[in-house]
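Protein sequence lines correspond, in order, to chains X and A. Counting from 1, one number per residue, gives the positions in the first sequence under the numbering used here. Counting from 1, one number per residue, gives the positions in the second sequence under the numbering used here.
Each hint should be verified, as a subset may be incorrect.
Because identical chains share one entry, a pair is satisfied inside a single copy or across any pair of copies.
Stated by the list, open to error - Pairs of lysine-lysine, PhoX-like flavour, derived with a Cα cap of 20 Å:
1) K170 x K79
2) K272 x K57
3) K96 x K236
4) K57 x K242
5) K272 x K262
6) K254 x K272
7) K242 x K262
8) K117 x K147
9) K262 x K101
10) K254 x K236
11) K178 x K118
12) K242 x K147
13) K242 x K118
What the hints contain is simulated information worked out from the structure, not anything from laboratory work. Keep in mind it's a predicted model, so treat the numbers as computed, not measured.
2 protein chains.
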Amino acid sequence: MSGYWMNEINTDGYRVQWKINNILHTETTDYQQLSIVDTVEWGKALVLDGALQVSEKDEFIYNEMITHIVMHSHPQPEKILIIGGGDGGALREVVKHKDVKAVDMVEIDGRVIENCKKYLPSIACAFDDPRLNLYLEDGIKFVANSKEKYDVVIIDSSDPVGPAVQLYSKGFYENVFKVLASDGMMVAQSESPIFYQDIFVSVFDSLSTIFAQTYVYLATVPTYVSGPWSFTIGSKKYSPLKIIDDRETINGLKYYNAGIHKGAFNLPQYVKELLG
Amino acid sequence: MSGYWMNEINTDGYRVQWKINNILHTETTDYQQLSIVDTVEWGKALVLDGALQVSEKDEFIYNEMITHIVMHSHPQPEKILIIGGGDGGALREVVKHKDVKAVDMVEIDGRVIENCKKYLPSIACAFDDPRLNLYLEDGIKFVANSKEKYDVVIIDSSDPVGPAVQLYSKGFYENVFKVLASDGMMVAQSESPIFYQDIFVSVFDSLSTIFAQTYVYLATVPTYVSGPWSFTIGSKKYSPLKIIDDRETINGLKYYNAGIHKGAFNLPQYVKELLG
């Protein structure tokens, strides 16, 4: 029991503790409490408002899964919008796709990006990509005001507390629909179907009223405790159940593959029943 | 932070805490430290040697997944052997299959059964099934000495510490092979591929040298922390990738369905690479 431990309080009855070697940095930004900690189990990690956001050891799972399912389902994903994702992990995965010509990324808190570039360079490694246009502003306002049309929108938000609350609202998703091309598709991380059941169901319900097609898939991310983690897709035309096969496969991925793409949509009975 | 918390120490750098309303029972059996706790988050739970074994709220995931994959892959599972599984959850699921004519269950620690019948009756609810023959003895010795031939063997062991260590040995699996019919199949819970990577790989390697066909599938059980949980199948004849469709579907399951059966075998890249 010796040493330093970081507590993450997940519910009134459940919390996890990660042993830490050191707190590398901590600051209060304009939006949240931000820390970079060096954990014994998961390498260095970004913590926002007391919740672990991304760790070096398991970030590949979340970042590959929020990105490659939609990117392998759209036949020509050229113009991409990432909302949130300040750690740069989704960006790193998006730019692996050669079809991509432009990535707009909107992160409200520039301090997240700066700290991840400094302390988590294996994740925040694609901010120099020439296809990137970075906007340090509110994603809600960005999609409300934008006249662009994107092929794919990726909503990589933190938990629905603090600055991210509005990123789970129906009004926001309606504006995402508006900035998507007529054959565009979006994906949002949609929380744990166990610990955040209400949010999970409300994201699905909102997208179902807006998009022609709505899909949920799951992945298991060790540092996102409580079991499965959900992602929800809204699509105007293409089904994500069909992988575009005539595109060069990306090598070196550690989670995603064609079997995972197909299998991730097969939901446990209790999750299906939540979605009616 | 008030109230009573149970600590589960998972690795040197990771532990979880469940808030408890009460410790309902605790004793030292001939084999292990046994407690029944009433948790805030997961209902009542069995704890052995400090590790949560089964909770009322999420036990359906593990128990359905260790049982129904093999039971729906074998065309006529009549004679079943369960090794371990003293909480009765796997037994409860096995006896839902009408093909079953006899279940031999071998549990080394009768106190586990007695306490689960008393405190976790929704799990330990099938011990009165007339098809059951219960043996309170060592599963290792049972399979070494048995002359029976089973259609399906389910190895529902606790973690590889204390009385369960030998249940992960190649010699034990060779005896399981011996007690299987010529078209029989076995499944073993094979731990977390993240926190128990060595065990996970060694179970697969052992079964691969013994059985004609070996398969791994995953499920996510919230109270088994660290992410995905693995199960490994050794089969003499039938592939578990093929579901027997001409059998009455079992109603009322909360995790297993045909999509899960198929999708669970699609492994993430990092798990595939562990298995070579």
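Tested hints:
Taking the shortest alpha-carbon separations for K170 and K79, neither the intra-copy value of 23 Å nor the inter-copy value of 53 Å comes in at or below 20 Å. In this homomeric assembly, K272 and K57 come within 20 Å of each other (Cα to Cα) only across copies, at 17 Å, whereas the closest approach inside a single copy is 30 Å. In this homomeric assembly, K96 and K236 never come within 20 Å of each other (Cα to Cα): the closest approach is 24 Å inside a single copy and 42 Å across copies. Proximity of K57 and K242 under a CA criterion of 20 Å is satisfied in neither setting, with 30 Å inside one chain copy and 35 Å between copies.
Proximity of K272 to K262 under the C-alpha cut-off of 20 Å is found in both arrangements, the shortest distances being 16 Å within a copy and 16 Å between copies. Taking the shortest alpha-carbon separations for K254 and K272, only the inter-copy value of 9 Å comes in at or below 20 Å, while the best intra-copy value is 27 Å. Taking the shortest Cα distances, K242 and K262 sit within 20 Å of each other both inside one copy (8 Å) and across copies (17 Å). Taking CA atoms no more than 20 Å apart as the test, K117 paired with K147 passes in neither setting, with 30 Å inside one copy and 64 Å between copies.
In the homo-oligomer, the alpha carbons of K262 and K101 never lie at most 20 Å apart, since the shortest distance is 27 Å inside one protomer and 36 Å across protomers. For a Cα distance limit of 20 Å, the shortest separation of K254 from K236 qualifies neither inside one copy, at 29 Å, nor across copies, at 31 Å. Neither within a single protomer nor between protomers do K178 and K118 lie at most 20 Å apart by alpha-carbon distance, with minima of 35 Å and 58 Å respectively. In this assembly of identical chains, the alpha carbons of K242 and K147 never lie at most 20 Å apart, being 29 Å within a copy and 50 Å across copies at closest.
For the identical chains of this complex, K242 and K118 are neighbours neither inside a copy (38 Å) nor across copies (50 Å), given an alpha-carbon limit of 20 Å.
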